[in-house]
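K.L.:
Taken in sequence, the protein lines are chains A and B.
Note that my numbering gives residue 394 to position 394 of the first sequence, counting from 1, and the numbers run on in steps of one.
Note that my numbering gives residue 1296 to position 296 of the second sequence, counting from 1, and the numbers run on in steps of one.
Because the hints were derived from the structure by calculation, they are not lab data.
A couple of the hints might just be wrong.
[To be verified] Here are some chain B residues the structure puts well away from chain A; computed CB gaps all over 12 Å: (1) Leu1004; (2) Tyr1176; (3) Ala1259; (4) Leu1281.
[Claimed, not checked] Quick list of simulated restraints, FRET-style, between CB atoms: (5) A:Leu557 x B:Ile1175: 48 to 54 Å; (6) A:Gly635 x B:Ala1180: 55 to 61 Å; (7) A:Gln588 x B:Thr1204: 21 to 27 Å; (8) B:Tyr1048 x A:Cys570: 21 to 27 Å; (9) A:Arg555 x B:Thr1204: 39 to 45 Å; (10) A:Pro566 x B:His1055: 22 to 28 Å; (11) B:Ile1175 x A:Gln588: 40 to 46 Å.
[To be verified] A few chain B residues that face chain A, going by a derived Cβ cut-off under 7 Å, partial list only: (12) Leu1008; (13) Met1049; (14) His1051; (15) Lys1052; (16) Val1059; (17) Gly1077; (18) Ala1103; (19) Thr1163.
For every residue, glycine included, the Cβ atom is placed at its ideal position computed from N, Cα and C.
Chain by chain, the residues:
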Amino acid sequence: MPSLLAIDLLLIAACLWATIGLAGLAAPRNTFFVARVLFPLGALAGLLVGATGFVALGGAAQTAELLIGLPDLPFHLRLDNLAAVFVILLGIVSAGISIYAAGYFRVGEGTAPGVLGLEYHLFLASMLMVLLADDAYAFMVSWEVMALSSFFLVTTNHRHDEIRRAGYIYLLVAHVGAIAILLSFGVMTGGAGDYTFAGMRAQDLSPFWGSVAFLLALFGFGAKAGLLPVHVWLPEAHPAAPSPVSALMSGVMLKTAIYGLLRVSLDLVGTTLWWWGVVALAAGLLTALFGVFYATVQSDMKRLLAYSSIENIGLLAVGIGLTLIFHSYRMEALAALALTAVLFHCLAHAGFKSLLFLCTGSVLHATKQRSLGKLGGLIGPMPWVAWLALAGVIAGAGLPPLSGFVSEWLLLQAFLFSPGLPHSWLNMIVPVAAAAVALTAAMAGFALVKFYGIIFLGQMREPNLKDAHDACPLEKLGLVWLAGLTLLLGVLPGTMIMKLDAATRQLLGKGLADRVAEQGWWLLAPISPERASYAPVLFLITIAATLLFGRWIVRTLYHGRVRHSPAWDCGYHFQGPRAQDTAEGFSQPIRRIFGPMFRMQRHFPSIRDRAPIYTVKVEDHFWYWLYLPIARLAGGISALIARVQGGRIAVYLMYSFVTLILLLLVARP
Amino acid sequence: MISLTGFLGQIFAVALALALAPLLTGWINQCRAWLQNRSAPPLLQPYYMLHKLFHKDVVLAHGASSLFRFAPFIVFGCMVLACAIIPSLSSDLPFAPAADALALVGVFGLARIFIALAAMDVGTSFGTLGGRREMLIGFLAEPALLMVIFTMAMIAQSTSVATIVETLAHRELVIYPSIAFAGIAFTMVSFAENARVPVDNPATHLELTMIHEAMILEYSGRHLALIEWAASLKLYAYSCLGLALFFPWGIAERDNFLALVAALPLLLVKLAIGGALVALLETINAKMRIFRAPEFLGTAFLLAVLGLLVHLLLETQA
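Please model the entire structure based on the sequences and the hints provided.
P.N.:
Now the structure itself:
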């Protein structure tokens, strides 16, 4: 009897997820059974997936065939190192989200919990199948299951108009993207009719068709990931979905699109042209800047995080662009550096963004509020959520010593090598692009300080916030899990980078492991210690030591006395919660400095108003520049077609008759 | 490997930073008073201030959370770490591998986030105003600072501050025009980052344009002392970074004990001149409106990018 391979274990896990989902149908209205029994089981399956991915990473690729699918095209599955990286991500992050969800879902309106559990676990299983798929057919089927199950999850509270609208936009963009992906696969088969990925690798595409395949894939996967200009579904769908679903979509599902883009551009297409990298780099930079600018001006906490996800996807695209540029010039060591940054950022972003979305879920449950303007001071009643969210904020702002900084640091290191490119102007333009990356990272700090400061700090803006309660134990467990992941990735990045080496070696033939291993576990020096190094452990120890030692020495030499009194605020006594900045107030400098970036509608109160009201509404330019014209065009075309469709059966019969005559005429031998 | 001299040098550098930083602040205040025809406070005034503040009780506002009480220590820790990385006397710092120049920017960013969050914690109007403005100045200044560091890193082929200093100080003297651009940009950024005059005024309270002072209004006693000390350390760190990047001569190399002895008086002289220049620039400039600050920092950013381009255009062929 052959021993159990990793890929078999993953298939078992996928079946487990599907079974857990179906089990929920046995008692669809029993919230306790679904939430407290099935979701923890799903989390265990997630752990199994994560652990299996960890074992498989670095080993030889494993393949399997499933006897489902088309008659002569069974599902081909393959677990290689690239897929394993994302399998780890899926398993570990979903384990945290599932255990949180076990505490999160309550009796409420919308989809019955059993059905919700089915959708949720099918979503997980389909994402796993997307990562394992080794032919276009299996990939597209899993991709569609993923899109549909997540659509139903987004529209859980389908009684609200705006949620149905958000779900519709999501479904529309997902399908436009899916068509592009399908066409890209079609181009890559090169007309040979072999839809397995192995067949596509064997094809030698001309530069033209290769470019077509790449651009289609960039568009298609970009639509799923949220690249400009097909990002519009993200800020609609994330606030609409329940928080664990937002976390899963932002943390994991967006990464499957990154996986697809890497799979196509570095593995399936074969050749790489330098300008593909430039296109990805430019699209990524625009997306990142756009995302972070809009994140800073949002007043809804989940929309803010959704725009921040767009920003992070932009940064990932920048990294992919840099990888492709280096790869096209056969500078594989540098391409490996950029690719490691991409993969690491996938893991880091999955951790901290899921964490932040789950924190908004707890806030939402405790306060019933999503609008930043009605929150505040929650660090008092919700200390657990507040302190764990702080870890997400520091990582999200790309600050040491947490995980977000490591990938940003690796990316900037890769940028520092770009003057070595053997191209006349590329070697000057690309380093300057690093300036935009730096601006993005710095503005992400602004957006997240706003997010954190307005939700958790300050005075409570509404009186009922006093009754807010902290997360329940299962929720806390999920949050601690993800915060721990963020801390671990940030403090011991070398360990993970050693593991990622297998994936970069598979795609590019080079990795970073040798040099990282030379320096020991505590020091991260991807090129050489003279050139650049970063030791987050020392970092953390120094700050912690100063904190403790400083506190001790101050208390020993002087004293630790504390008196309490009302806030001073320059002697002004009437400090109500309304005197603090609102979300709109906090981002006022951004709106003022970068005004033309936004489409704003403002209403200023006049001095004679009895009840003065200030409102500001910031909208996305793309709706008006791109989507409304397209919608109008589609409307116009369908109006034209409607003229033909009079609704009278006699006319339709005549159309059929005319068509028949024409066909007979044309098809005459 | 970590040598004993290196280790002692490291401890000495941190101790020196802790001791000298308030002195530098005092020296700048004194110079500024002279230039403005006021009678100057004593040179040691910042030490008296710290001593007094440590003795006083902490008066904590109602509603201040634990983050408010932690933040001063974290900010202080970040600044100590920054001073441990930046070569002041010797470039042989065993601690230097912990963070290169990019991570140094991250350290300053971490301190900024904590002080801005602490400012928002009590929930007063001035506090949130200060926090918002600090983050604004921060995100405008950080890219400019990173571009300066990029230019220097490309010249030295390294982002490690110690290696950059060794490259610039101890190899043959080549004039890089890009360094001039980077130097001006760095000066502008350090004025903004340290809340000095064209962007902020460290001398006033109760002014609607304040930034740094608005954030720390609610702090008192030992917390305020730590924040003031951390602000001095930040100024010292930026000064040493500027001196190390643009005037690196005299910073001792590895295992060169004699140079280390000579480096101290040289550092004092450089800091004294630098401090006097800071006071001079603060005196001849007027504080600008907050919404002029983006123009000021945008200029710094453009100069830094220009420096980078000049380096890539003119200096890479050689």
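K.L.:
Are the hints correct? Go through all of them and say.
P.N.:
Right, here's what the structure says about each hint:
no.: 1; hint: Leu1004; verdict: holds (19 Å)
no.: 2; hint: Tyr1176; verdict: holds (14 Å)
no.: 3; hint: Ala1259; verdict: holds (20 Å)
no.: 4; hint: Leu1281; verdict: holds (25 Å)
no.: 5; hint: A:Leu557 x B:Ile1175: 48 to 54 Å; verdict: holds (50 Å)
no.: 6; hint: A:Gly635 x B:Ala1180: 55 to 61 Å; verdict: holds (59 Å)
no.: 7; hint: A:Gln588 x B:Thr1204: 21 to 27 Å; verdict: holds (23 Å)
no.: 8; hint: B:Tyr1048 x A:Cys570: 21 to 27 Å; verdict: holds (24 Å)
no.: 9; hint: A:Arg555 x B:Thr1204: 39 to 45 Å; verdict: violated (32 Å)
no.: 10; hint: A:Pro566 x B:His1055: 22 to 28 Å; verdict: holds (23 Å)
no.: 11; hint: B:Ile1175 x A:Gln588: 40 to 46 Å; verdict: holds (45 Å)
no.: 12; hint: Leu1008; verdict: violated (18 Å)
no.: 13; hint: Met1049; verdict: violated (14 Å)
no.: 14; hint: His1051; verdict: violated (9 Å)
no.: 15; hint: Lys1052; verdict: violated (11 Å)
no.: 16; hint: Val1059; verdict: holds (5 Å)
no.: 17; hint: Gly1077; verdict: holds (3 Å)
no.: 18; hint: Ala1103; verdict: holds (5 Å)
no.: 19; hint: Thr1163; verdict: holds (5 Å)
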